[in-house]
Amino acid sequence: MKRFLCIWFALMLSVAAQGKQSDPPDSIYHLEAQLTNQAGQLHGIDVHRGSPVLVTMFYGSCPVACPLLIDTLRAVERSIPDAQRKTLRVLMISVDPEHDMPPMLAKLAQQRRIDTSRWTLARADAATVRKIAALLNVQYRKLPNGGYNHSSIITLLSPKGNIVMQSSVLGRSDEALLEAIRALDHE
Amino acid sequence: MNKITPLAALTVFTAAWATAGASPSKVAADAPLQLTIPSGAFESVLPPASGVKTTTVQKFRMDAVPVTNEQFARFVALHPEWRRDRVARVFADREYLSHWTSAAPVEPQQRHQPVVRVSWFAASAYCEARGARLPTWHEWEYVAAASASARDARKNDEWRQTILSWYSKSARGSLPEVGQTPANYYGVRDMHGLVWEWVDDLSAMFVAGDNRQQDDPNALRYCGAGALTMEQKENYATLMRIAMLSSMQASHTSATMGFRCVTDLGASQ
Chain E
1 MKRFLCIWFA
11 LMLSVAAQGK
21 QSDPPDSIYH
31 LEAQLTNQAG
41 QLHGIDVHRG
51 SPVLVTMFYG
61 SCPVACPLLI
71 DTLRAVERSI
81 PDAQRKTLRV
91 LMISVDPEHD
101 MPPMLAKLAQ
111 QRRIDTSRWT
121 LARADAATVR
131 KIAALLNVQY
141 RKLPNGGYNH
151 SSIITLLSPK
161 GNIVMQSSVL
171 GRSDEALLEA
181 IRALDHE
Chain V
1 MNKITPLAAL
11 TVFTAAWATA
21 GASPSKVAAD
31 APLQLTIPSG
41 AFESVLPPAS
51 GVKTTTVQKF
61 RMDAVPVTNE
71 QFARFVALHP
81 EWRRDRVARV
91 FADREYLSHW
101 TSAAPVEPQQ
111 RHQPVVRVSW
121 FAASAYCEAR
131 GARLPTWHEW
141 EYVAAASASA
151 RDARKNDEWR
161 QTILSWYSKS
171 ARGSLPEVGQ
181 TPANYYGVRD
191 MHGLVWEWVD
201 DLSAMFVAGD
211 NRQQDDPNAL
221 RYCGAGALTM
231 EQKENYATLM
241 RIAMLSSMQA
251 SHTSATMGFR
261 CVTDLGASQ
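Chains as they are written, first to last, in the numbering used here: chain E, 1 to 187; chain V, 1 to 269.
Hints in this document: simulated from the structure, not taken from any laboratory.
Treat the hints loosely; a few may be bogus.
Unchecked claim - Calculated lysine-lysine pairs in the BS3-like style (CA-CA distance at most 27 Å, straight line):
1. 107(E) - 142(E)
2. 142(E) - 53(V)
3. 59(V) - 142(E)
As the list claims (entries may be wrong) - Just so you have them, the derived chain V footprint on chain E, three or more residues with Cβ under 8 Å:
4. 110-120
5. 128-136
6. 143-156
The structure displayed is predicted, hence computed values, not measured ones.
Even glycine gets a Cβ: it sits at the ideal position worked out from N, Cα and C.
Work the whole structure out from these sequences, hints included.
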C-alpha cells in the first residue's frame, strides 16, 4: 500500500510538473499554492484548469461589496448561453485566512445557495494570499476592526490560467466581460 | 509550504558551507546577520485606518543590510526556477537580473552590492528559502524612523535633511556595497541612502485622494472602508518610498529596487 502511494505520489508530481511546464509563461498557474475549499479539500490555484474561470477575492464577514460580488458573478452567469455556463467555473479566494475556515466557507455557500459543483470557495495561508493577490492585482489591507479593505475585481482566466481580462463593474454583468467569455469559447 | 521551509533554510546553510570550503569564519560571514527589533508603537505615514493614529509593531529580527548579489546568486543556484533564463514571466519581467553578465555567476565587484532587478515574487521566494519573509511596510517604516541615536528621529529636521540629501544624490554609476551607511539605533544599515526595498504587503500599498468616498464612482471597488489617506505630508522621504512601491507590480524589477528579510519572533503570528 505504502509502495502504491509512493508511486501514485511520484506520478502526480510528474503530472503536476508537466502541467506547469506546458503553461504559457504568463499563466498564474505557475504559482504553487495550497488552497483549501469549503469541503476541506486541498487543491492548487489551478483547481479549475481546463475551464474558463472567474476569480475574485473576498472575505466572508464582508457586509456590502462581497454579497454584491456574488450577485454580480451570478448576473454574469445568467447572461451567457447554457453551453458556456456549463463550462465556466468560479473561484472565490478569501483574504481572511484567520476567520474563513472551511466550515465558514461551507456556511456561506449554503446561505447563498452556491452550486459548489461549479463554484469553489477557498482559503490559503496569509503568505499565499499575498502572492495570489499580487498575481491578480488585487489590493487589500486588514483593518484594526478585523474587517478588510479590498478591491473587488473579477478576473477572467483562460483554461490555461492566463488573465484574459479584469472587470471592476459591480451590481450588473459587464458587457466587456461577457464579450471576453464568448471570445474565449470560440478559440 | 511551511513544512519544507526549515529544510530549504538548512540547504542554503549547507551550500554556504560547501562553497566556503573549510573555513568556518567564511561561513559565519555568509550567514546574514539579523538584529532584534523590539516591539513598539509609532505613528505611521500610512495609519492602519482612518481615525486610528497608532500602529503597533511586534518584536522581530531584521537583516542588518540588504541582500547582496552573492547571496542571491547562491539562492538561484539552489533554486534554478529563479534563474533569469528559466523564471516564469508571470513572476518577473524581462529585466530580471539583467545586470548579471550571465544567468548564474556574479562578477567579483558585484558580490557585495545589494541585489537589484529582482521582482517581489523572487524576493519573497528568497526570504522563504531562508525561513524568513519580507518585512511589512509598517515594520520597515518603524526601523527606518531611527537615526543613529534615536528610535524615532522623524521630527528631527537635521536628520530629515540628511536623508533627503541622500535621495537627491545622483544614482548614476555603480551601486555602493552594502553596509557603508552608518548603523541606526538598532544597528541596522542602509535603510536610507542605498536602494528602495520591497515590502511583504505590497498589495496593501494603495493610497487614495481625500475625497474618494464622496466623488469616486468606483468607491465600491473597495469592499470595506475605502482606501487610506496619507499622514505627515512633510515626511517626503518616506512618502517617496510609498509612491515608488505603489507604482510597482509584483513582477516588476528596477535597477534601484532591492530587499532584505525579516524573521518573526515570539507571539506575533
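For each hint, the structure was consulted:
Our distance criterion of 27 Å between C-alpha atoms is met by residue 107(E) and residue 142(E), whose separation comes to about 22 Å. Only pairs whose Cα atoms come within 27 Å are accepted, and residue 142(E) paired with residue 53(V) is accepted, the gap being roughly 15 Å. Our distance criterion of 27 Å between C-alpha atoms is met by residue 59(V) and residue 142(E), whose separation comes to about 19 Å. Counting residues of the stretch 110-120 of chain E whose CB falls under 8 Å from any CB of chain V gives 0; the rule of at least 3 is not met.
Only residues whose beta carbon comes within less than 8 Å of a beta carbon in chain V count, and the stretch 128-136 of chain E has 6; three or more means the coverage holds. Remark: the stretch 143-156 of chain E is confirmed as covered by chain V, as 10 of its residues place a Cβ nearer than 8 Å to a Cβ of that chain, reaching the required three.
When each numbered hint is compared with the structure, a violation occurs for hint 4 only.
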